[in-house]
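A.B. asks: Same order as they appear, the protein sequences are chains E and X.
Heads up, the first sequence is in our numbering, so the first residue is 133 and it goes up one at a time.
Heads up, the second sequence is in our numbering, so the first residue is -14 and it goes up one at a time.
Wrong hints could be hidden among the right ones.
To be verified - Pairs of lysine-lysine, BS3-like flavour, derived with a Cα cap of 25 Å: (1) Lys144(X) x Lys88(X); (2) Lys222(E) x Lys88(X); (3) Lys136(X) x Lys45(X); (4) Lys136(X) x Lys88(X); (5) Lys222(E) x Lys136(X); (6) Lys71(X) x Lys163(E); (7) Lys45(X) x Lys144(X); (8) Lys230(E) x Lys163(E); (9) Lys45(X) x Lys88(X); (10) Lys10(X) x Lys194(E); (11) Lys222(E) x Lys163(E); (12) Lys222(E) x Lys161(E); (13) Lys161(E) x Lys71(X).
FYI, nobody ran anything at the bench for these hints, they're computed from the structure.
Read off the chains here:
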Amino acid sequence: MNFVVELLITISLVVSGIFGLVGSYGLVKLKDSLQRLHAPTKATTLGVGGVLVASMIYFFAKTGHLSIHELLISVFLLLTAPITANFIAKTYIARNLKRSDLPDSQSTCGWSIYDEPPESRPGS
Amino acid sequence: MLKRLIPHPFLSLTLVFVWLALVNKFTLGNLLLGLLFGIVIPMLTAPYWPDRPKIRRPLKGFEYVLIVLWDIVIANVQVAAIILFKREENIRSQWIVVPLDVKSAEAITVLAGTITMTPGTVSATLSADARSILVHCLHTDDPDAVRDEIKNRYERRLKEIFQ
Chain E
133 MNFVVELLIT ISLVVSGIFG LVGSYGLVKL KDSLQRLHAP TKATTLGVGG
183 VLVASMIYFF AKTGHLSIHE LLISVFLLLT APITANFIAK TYIARNLKRS
233 DLPDSQSTCG WSIYDEPPES RPGS
Chain X
-14 MLKRLIPHPF LSLTLVFVWL ALVNKFTLGN LLLGLLFGIV IPMLTAPYWP
36 DRPKIRRPLK GFEYVLIVLW DIVIANVQVA AIILFKREEN IRSQWIVVPL
86 DVKSAEAITV LAGTITMTPG TVSATLSADA RSILVHCLHT DDPDAVRDEI
136 KNRYERRLKE IFQ
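Please construct the entire structure, taking both the sequences and the accompanying hints into account.
C.D. replies: Quick look at the structure:
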């Protein structure tokens, strides 16, 4: 394996390590659950992404085949991270906030956590 | 007949691709097994997909994915900067209400996911009639600008793709 490849792998590993660390530090530093939610949904995406890029370069240099597993992992990660974040945010609102803590929804119904949907199904 | 056998051609195609990527080796046997999954899984899950989203411009969708990927990188750097360099009491988090123009459930789902993955915002909940979305912003001095950016950068493109 030549020097350039090793350098690329090292850079992506170091970058991913830094972002992973910052994301975890954010969990400690920020003050409430909703703020903390921002740290793992964003900073760690690049953290995991960096490791995957490093892995792809390594196996491409070693075996000559392009490994697609890493692409799949990042796709699944990008698809699932927002959903988890959304669940956590909703649970937090339902447990800790009152209707009056949230801004007005600017539509005919209130937020779905407190209000029933109208008769006709929305979005259909 | 073909429509009954493959109710969601795009879903079937995705499943075949995901299967081939999972086994990480292209052989005829794997392709056949992937095709089998691509036909059986959409049939079994058909009741959960009452209607298929209409995608008008697939190329625009590709452009959208690239924009979002780039924004995710930016988002990572921005959030990292806020975490590292802002003092805790200076971080002003705000709720932002974004009225929605997109109507289809699929478009709203994609938009909510995009908001969560991009700079400093997490989508929290929808209004009960799905006409506006509640967004939590980690730090901003100008909530209106954030709202306008979401509407112009993402929602306008999604409207072009899905309607």
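A.B. asks: Could you run down the list of hints and mark each one as holding or not?
C.D. replies: Each hint, compared with the structure:
1. Lys144(X) x Lys88(X): Holds, because 9 Å separates the two Cα atoms, which is no more than 25 Å.
2. Lys222(E) x Lys88(X): holds, 21 Å
3. Lys136(X) x Lys45(X): Within the cut-off at roughly 16 Å; holds.
4. Lys136(X) x Lys88(X): holds, 14 Å
5. Lys222(E) x Lys136(X): holds, 22 Å
6. Lys71(X) x Lys163(E): With a Cα-Cα distance of about 13 Å, the restraint between Lys71(X) and Lys163(E) holds, given a limit of 25 Å.
7. Lys45(X) x Lys144(X): holds, 10 Å
8. Lys230(E) x Lys163(E): Holds. Lys230(E) to Lys163(E) sits at ~19 Å (cutoff 25 Å).
9. Lys45(X) x Lys88(X): holds, 18 Å
10. Lys10(X) x Lys194(E): holds, 17 Å
11. Lys222(E) x Lys163(E): holds, 18 Å
12. Lys222(E) x Lys161(E): Cα-Cα ~22 Å, so holds.
13. Lys161(E) x Lys71(X): Satisfied, since the Cα-Cα distance of roughly 10 Å is no more than 25 Å.
No hint from the list above goes unmet by this structure.
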